[in-house]
Each structure stands twice: as structure tokens, then as C-alpha cells.
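**Q** In case you want the letters, here they are:
2 protein chains.
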Amino acid sequence: MDCFNLKPAAIYAAGFNYKGGSSMKILLGKPVADKITQELITEVNKLKEKCVTPKLTIVRVGNKEDDMAYQRGAIKRCESIGIQVDVKAFDDDIDEIEFIDGLKNINEDKSVNGILVLRPLPKHIDEDKIKNIINPNKDVDCLNTINLGKLLEGDKSGFAPCTPTAVMEILKYYEIPVESKNVVVIGRSTVVGKPISILLLNKNATVTICHSKTEDLESITREADILIAAVGKAKMINKSFIKEDAIVIDVGINVDEDGNLCGDVDFEDCKDKAAMITPVPRGVGSVTTSILAKHVVNAAKIQ
Amino acid sequence: MDCFNLKPAAIYAAGFNYKGGSSMKILLGKPVADKITQELITEVNKLKEKCVTPKLTIVRVGNKEDDMAYQRGAIKRCESIGIQVDVKAFDDDIDEIEFIDGLKNINEDKSVNGILVLRPLPKHIDEDKIKNIINPNKDVDCLNTINLGKLLEGDKSGFAPCTPTAVMEILKYYEIPVESKNVVVIGRSTVVGKPISILLLNKNATVTICHSKTEDLESITREADILIAAVGKAKMINKSFIKEDAIVIDVGINVDEDGNLCGDVDFEDCKDKAAMITPVPRGVGSVTTSILAKHVVNAAKIQ
Chain A
1 MDCFNLKPAA
11 IYAAGFNYKG
21 GSSMKILLGK
31 PVADKITQEL
41 ITEVNKLKEK
51 CVTPKLTIVR
61 VGNKEDDMAY
71 QRGAIKRCES
81 IGIQVDVKAF
91 DDDIDEIEFI
101 DGLKNINEDK
111 SVNGILVLRP
121 LPKHIDEDKI
131 KNIINPNKDV
141 DCLNTINLGK
151 LLEGDKSGFA
161 PCTPTAVMEI
171 LKYYEIPVES
181 KNVVVIGRST
191 VVGKPISILL
201 LNKNATVTIC
211 HSKTEDLESI
221 TREADILIAA
231 VGKAKMINKS
241 FIKEDAIVID
251 VGINVDEDGN
261 LCGDVDFEDC
271 KDKAAMITPV
281 PRGVGSVTTS
291 ILAKHVVNAA
301 KIQ
Chain B
1 MDCFNLKPAA
11 IYAAGFNYKG
21 GSSMKILLGK
31 PVADKITQEL
41 ITEVNKLKEK
51 CVTPKLTIVR
61 VGNKEDDMAY
71 QRGAIKRCES
81 IGIQVDVKAF
91 DDDIDEIEFI
101 DGLKNINEDK
111 SVNGILVLRP
121 LPKHIDEDKI
131 KNIINPNKDV
141 DCLNTINLGK
151 LLEGDKSGFA
161 PCTPTAVMEI
171 LKYYEIPVES
181 KNVVVIGRST
191 VVGKPISILL
201 LNKNATVTIC
211 HSKTEDLESI
221 TREADILIAA
231 VGKAKMINKS
241 FIKEDAIVID
251 VGINVDEDGN
261 LCGDVDFEDC
271 KDKAAMITPV
281 PRGVGSVTTS
291 ILAKHVVNAA
301 KIQ
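One line per chain: the protein sequences are A and B, in this order. Taking full-length UniProt numbering, the leading residue of the first sequence gets 1, the next gets one more, and so forth. Taking full-length UniProt numbering, the leading residue of the second sequence gets 1, the next gets one more, and so forth.
None of these hints come from the bench; they were simulated from the model. Careful, some of the hints might be misleading.
The list cannot tell twin chains apart, which means a pair is met if one copy fits it or any two copies do.
[Said to hold, decoys possible] Calculated pairs, SDA-like style, for lysine to any residue (alpha carbon to alpha carbon, straight line, at most 20 Å):
1) Lys156 x Tyr174
2) Lys156 x Asp128
3) Lys172 x Lys213
4) Lys76 x Asn298
5) Lys273 x Leu47
6) Lys301 x Glu98
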């Protein structure tokens, strides 16, 4: 298991001391993503023996830097696994009807196993109108209502959103027990907060969901064995929000006052108090594209 | 507002003292159901002017006493509103394929606006195979994956399950504030626990979901401003689980050692400590059929 020990900055490969606190650890995304990648390479090779090459189509509107960065990461990851990637880029000012037609054509293309629509879309394109155009079996990032429903039902035949699934994979890889733990999720979006809460509940965690209307947030988060921050506010969570030896998972991707990438958690402030903590960058975000790739491979299998 | 005060057994119509505790109240389902019924009568009369009579078909397998009781309640409620009710009863030992064919026929019948399948079905009929046969627009008790997905998305065009919706209507009727309150839900079923958690979250409550694997349940439930019990264990929740002046909503319908109906909450033990409490019977269960009727009327409107 690869991980960094915080004091000093040297790399330790020692096992975790979950209850300890003396062996504080940074939970890096890379080893998690690497393990998934290795497993997928084997699976893709088997599919290729059957003359099946999984294919992902990324649908992008405009040229936002966030989208371009995610696209680069997804292409790199998929190609390292042997997944074919195609990008369909639309102009920023594309008409909604034209976009819908374009998406329908992509969906009907039998060579496409998985479709990823980079979000958020420009405001003039209504996500509610496009989310169910994609065939549920190609909907690798859970845009569909039916895949959300399957998530709620605990039906694993659907695709859960990539980011919450990445969080679950990190917890699994680092052997962090979830059952009967008090997990507090900050954020209730349909893309992260609600799905991660359901995935954790399905793994027998006791889950509290907090949000902007929660009163005395700190008193609640301080009870968390595992705290998951998915708020979208740079460095909002400082050490007063966490209990000693908590596990802190940071889903946020923000830009701080100096223009650097940072999470929802003030990493420097929290790192000595937490037992384990994901960094931003190099944490949850590093795992997301491997989940996307996994979903594309699974999609190729069921089609 | 109609309600009972617990001491003595006389009826009080006084306003609530939410923070008080001195004016403890039983939250009866009947006035909530009556209000909804009155509103529906007006709506159905309007529909009848347009020659539309909403129609519910109840699908029953076997003659279980629970099902028969619910059916009687639903028919009585619907008929009092002017909704037509048809019952399709199948033998307990009906073949799965034959049942599926029967359900498909009911679904295709254009005169049927809403379909209620009484659950649980006998073990030899796989609910997963039948849940998506019903058209989402006729799926008045949220058996469909797509209606569950809409619930998660906060899309009100779908039908939420009747029992969780009944809980929300009780809270609304008795003017119990939900926003920013700490609500603890015990139970995580797809029919009650998860949906009620999402409905509460959509109303800005901070929600904790507990279940059989939760450790030290009492310490968590004692923090609840509003406690919702949906466990299915007779009188499991006694006063040690609730804080002074908590609001207690009991979704359970069980039979106690004397053969009497009772909830998940030990009503006698909790009534002096809670600020407000729903009884069983005459609580949440009394509201469910009015929600069902409301969904049938809404279904008639969208068809």
C-alpha cells in the first residue's frame, strides 16, 4: 500500500494505525487508480480476444479549462487501458435542439459503449432535457434518472456517479472500515452528496447528511469517524470541524486565493489532527477517471 | 387544528407549544387525511366536469389480512372522494409469468389511471421483475425505478412512495418546522427509510439515517429534534431513545404480545417525554390512503 506519512515528508509504506493517530497518513489517489487500471487492462485484453474494444465518447460543449483538464485525464487513463476514446465537441453557443440531436446520434452509434457528458453544461442547455437521452447501459456517469433510481434500490446493474464511487474505492483500498461508523457527508447534490450517502448506507455506515441549512455544523462534523466534504467552498473545513483521528475525505476541487487548486478542507490545518486525509490535488480526483474507465468496460460487457 | 392532549384524555384544540413540553400532543392522522380528502373532492369534481373519473386498480395476490385491511381503507377513502376503484385479485399460488401477463394487461388498460400493487408479494414472485412493468405515470406508490430516481433528483413530476409522503403531510399539517432541524430516521428501506430521508433533506432538514448496524443507537436518536421510526419492531423505541420535547413520528405497524396493533415506538413510555407523538393506530397509517388517492388524481391529470 503506497502512502505518504506527514512527518517528515518522506514516503512510508507502513501499514495503517487506524485508531492510533501517531501514524498519520495522506490517502493518495494514485495507488487506488493504478490498481483499478491494472485490473482493467486484464479485462480489456480479454474483451479484445473476443474482438470487442470498449469505446467512450466524451461530449463537450465549449472549451472550459475544467472540462479540457478532465478530458485530458480521461483520455490518458482510458488509452493506457486500451479503451478507445472519441471526443465530440460542440460550440459553446450551440442551439439546445441541435445539441439534443447530436447527443441522440451519439447514443444511437452502436460502436459507442459509454457516453460522458462534461458538466455543468452552458445555461442555455437544460440538463433535465438531455439527461435521459442516453441509453442507461451507456450512461457511465449516472446522468440518467433510472441509474439514480437503481442506486437508491441498491441495484448494482446500473452505473453510480464516478466521483462518489471513487470515494468508496479509496475507502476500500486503504481498508478503512465503514460498517457501523458514523459518517458525516457535507453536501447534498445529486451528483455527489446524495449518491455517496446512499453508497455508504448500503455498506452499513450510519450516515448524516449536512448542508448549507444545517445549524451548528461543527458540532455535527466533530462526531464523524469519517467526514466527507463535498461542499465546493475552498478550505471551508478547518481542524475545528473534525475530531481527533477522524478520516477526512475531500471531494472539493476549488481554487484558492493564490490561484492554486485546493479542496473543501484546509489540508494544512487538519493534517495533524486527522488520522488519514485525502489531499487535493492527488486525492479523490485522481481516482475518478479510473472509475469512468471501469464503467466503460462494464458497459462494453453488457452491450 | 384537531389533536388530543395526553393529560387528561380530553380533546384540546389549543395551538402547539413546540418548545414547551407542557402541552404535549398526539398527532392524529385523521385531520390530515380529512383535509387532503376535502381538497381532492373539489379536484375530482372539476375533473368530472371534463368527463374524467380517476380510476385506481388495486392488484392483490392472495388474501392476507394486512392486504385486505389496506384494501378496505383505500376503497373507502377513494370512494368518498369520487375515485373509482377496481380490485384485481390473483390466487396466492399464481405462476410468476401469468402474474406478469395480468399486470401488463392492467397497465395497458387506458381507463386505469393508477395501479397499486399490495406488497410484499408472495416469495415466488420476484418484485424486481414486476416493478418496472407499470407505466411511471400510473405508478402511484413508487414501485418504479424511474420514480425512485425522480425522488432522488427532487423532480416532483414523479410519485414518491405513499407512506413517506404521509409523514411529510403530517409534519406540514401540524406546522412542525423541518428546516435546519436534526432529524433521525431509523430504518433504511427503499419503501420508507431512504425516501423519507430524501424528502426531509429536500426540505432542508439535517438528516441522520440509522439502521440495524448502527452502534449506540440511543446516543444518536437522543440528539433528534424529530425522530422517525421505520424499523418494523414492536415498541422498540422507549423513552431512553428520545430527548425531552422531541417530535416522534412512528411509521411502524406491528402486533404486540397481546395481539394488538402497535408501532415501533412504545407510546405509553414515550408520551410524557415527547413534545408531540403520532399514535399507532390512528397516526401515519391513517394518512397513507389519502396520499394514494391524491396520487391517483394527479395521475388522472397527467394522462
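**Q** Hint by hint, say whether it matches the structure.
**A** So, going through the hints one by one against the coordinates:
| no. | hint | result |
| --- | --- | --- |
| 1 | Lys156 x Tyr174 | neither (22 Å within a copy, 39 Å between copies) |
| 2 | Lys156 x Asp128 | between (24 Å within a copy, 13 Å between copies) |
| 3 | Lys172 x Lys213 | between (31 Å within a copy, 18 Å between copies) |
| 4 | Lys76 x Asn298 | within (19 Å within a copy, 49 Å between copies) |
| 5 | Lys273 x Leu47 | neither (46 Å within a copy, 63 Å between copies) |
| 6 | Lys301 x Glu98 | neither (31 Å within a copy, 31 Å between copies) |
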